[in-house]
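Asker: First to last, the protein sequences are chains F and W.
Here the first sequence stands for residues 1 to 157, where the numbers follow the numbering used here.
Here the second sequence stands for residues 1001 to 1503, where the numbers follow the numbering used here.
These are computed hints drawn from the structure, not numbers from a lab.
Any given hint might turn out to be false.
Unchecked claim - Taking lysine-lysine and the BS3-like style, the derived pairs with C-alpha atoms no more than 27 Å apart in a straight line are:
(1) W:Lys1168 with F:Lys135
(2) W:Lys1380 with F:Lys135
(3) F:Lys58 with F:Lys135
(4) W:Lys1168 with W:Lys1378
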Amino acid sequence: MNPYLPIIILIAIAAVISTVMVVGSWLLGPKKTTPYKSAPFECGVTPLGSARERFPIKFYLTAMLFILFDIEVVFLWSWMAVFKDWVDAGSPMAAYSFWAVMVYMFLWFLGDLYVIRSGALGWEESTTLNPEKLKNTTEFEDETVVMVESQPAKVGI
Amino acid sequence: MNSALAQPAPIPWEALLPLIAVATTGVVAMLIEMIWPRRSNDVIVWVCIVGLAAAAGCVVYHWNLPALESFGPRFDNAQGSVGGGLFLHDRFGQIIQLTLIATAFLTVIFSEGYLREKRLAFGEFYPLVMWAAMGGMIMATSRDLLIVFLGLETLSIALYVLAGLSQKDKRSQESALKYFLLGAFASGFMLYGISLIYGATGTTNVAGIPALFSLELPDPTAVNVAYAGMGLILVGFAFKVALVPFHMWTPDVYQGAPTVVTGFMAAASKVAAFAALIRFLDASMAMKDVWIPILTVLAVITMTVGNLIALAQKDAKRILGYSSIAQAGYILVAIVAWAKAKGMPNLTIGYETVAFYLIAYTVMTLGAFAVLSSAASKGKEGTLLEDLYGMWRRAPFPAAMMIVFMASLAGVPPTGGFFGKLFIFFDAVNANLVWLALILAVNSVISVAYYLKIVQATLRDPEVHPTKFAPVNVGLFATCFLCAIGLFAIVLFIDPLKSWLGG
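Given these sequences and hints, build the entire structure.
Answerer: Next up, the structure:
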């Protein structure tokens, strides 16, 4: 007999039970709707408007940077796990890997400096370190500035 | 513990110097922008030019360094297993590296004028181009699938950012998002394929595939898994080089991205991905009974669909986008012919046809996009065919060069594009693929129609008097000139070039 059969039976039973519960409460339960009850969140507070409003993309930037830091730790952790063995064994890999990681950390540090310098962790929107760059640089008469203006952060309630 | 006694693998640094040079140039360019953000990017541009020249110098200086099958550290320290170091060094890799360095070089030269006109002269553009080029170079010089993947991601992630450089432009945003989502999707396919290949062969190096198939009694499960992995990796590559039916992203991304980025993207990502693809196919020759028919079908539909849809386009960038799809089909014909020839006695076709066409493709595509980028003015840019009207008046030299590039893309003698296609044609005929060669020829004829449309647009007089345009900058002149020179130079030096490429 297939050793996975019990698992499949378990999944089937779980699916049946949950389906029966959901469908049963839907069929048997009384339905008395009021405007409050049919509101998206039935928590006493009237909804104020659409939840689909624009909000600063900063959250994503912070999340992305967090992932980068995460990966860095993963690298360092796996290196650390073998580094001590190499040192104890007097292996030439110890010095070699140390300098390899130092090069990596140096580049990492530069990137980190860039993140801080360009204000990626700040709350204000930043486009470039020198906004003059994005202005008109030729001798044309009109001085239309194409630039993302910094806006106060708008946070939904 | 076994790993405690591991020895660091010796690294022939001279073979890695070009990579290091390009990466360092990118870092220095970023440092300049970070420490000293000036209004003009001239310093960064010069640093990049010098750095790329140095990288090209490194390649040329070590031109005759003996080829190394593999070197550098390896993922598995087990002795005696197949595979080897993460990098390799050979003539094909050098050629592709030089091509990518040249692509980045030409892009850097003509970008600054465009970026200023488009009001997005971000200093970050240059380091990103450097790192993208570095990613492509890594792809071309490794047989380890994980390193190829790493290079692919380095190339792609830089390009995702570059595609969205124009922050105020909805098209550019759309382009970046589309490219990112579909690119990530394709990377997922590829990574899954790599993991299956690893599962089947026990190594991430493609050398594991021939080793698996040369066993007397290969494990049938492993063989099946290897086939599945090969298929998934092919899907990943097909996305990257935009083969029909994996081409949907190409026109939108090409149209939305800033023109300089499109030019770089079209050239660099295709060259690098084809280089990596042909290396992978070379290693999986044992499975060629399966992938040759697949690639043949893909080549036929890629050429045909790309060319037919291009006929209906009204935007010059979209036309060039579909044209690049069709060009990928031509290169695929060369690859199929090369693979077919492997099994035939007294016929050897090397990488040289593919390499030659890739070089020609790079030069003419980049040149065409460079000319298109001259349409940017005062933060706006028109890329519709109507926007090109009157170009011969405001920019006579680029317009003239456009004729050359279009002639080459269409395959009119005596340009590099013509000879590239001719070699592909001969290869296909020699490999008993006459019907495929005929389809290629018919497609070239179809393609003339839309290339002529662009030429005609540049030579037409506008109906409305054009708005003021900035004078064409020196960099654009230089790029057009160098690309045109390159197109004829590769024809003049065809014999030494082919013997190098084949070597």
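Asker: Each hint: holds or not?
Answerer: Now the hints, each set against the structure:
{"no.": "1", "hint": "W:Lys1168 with F:Lys135", "verdict": "holds (14 Å)"}
{"no.": "2", "hint": "W:Lys1380 with F:Lys135", "verdict": "holds (13 Å)"}
{"no.": "3", "hint": "F:Lys58 with F:Lys135", "verdict": "holds (24 Å)"}
{"no.": "4", "hint": "W:Lys1168 with W:Lys1378", "verdict": "holds (14 Å)"}
This entry satisfies every hint, going by the numbered hints stated previously.
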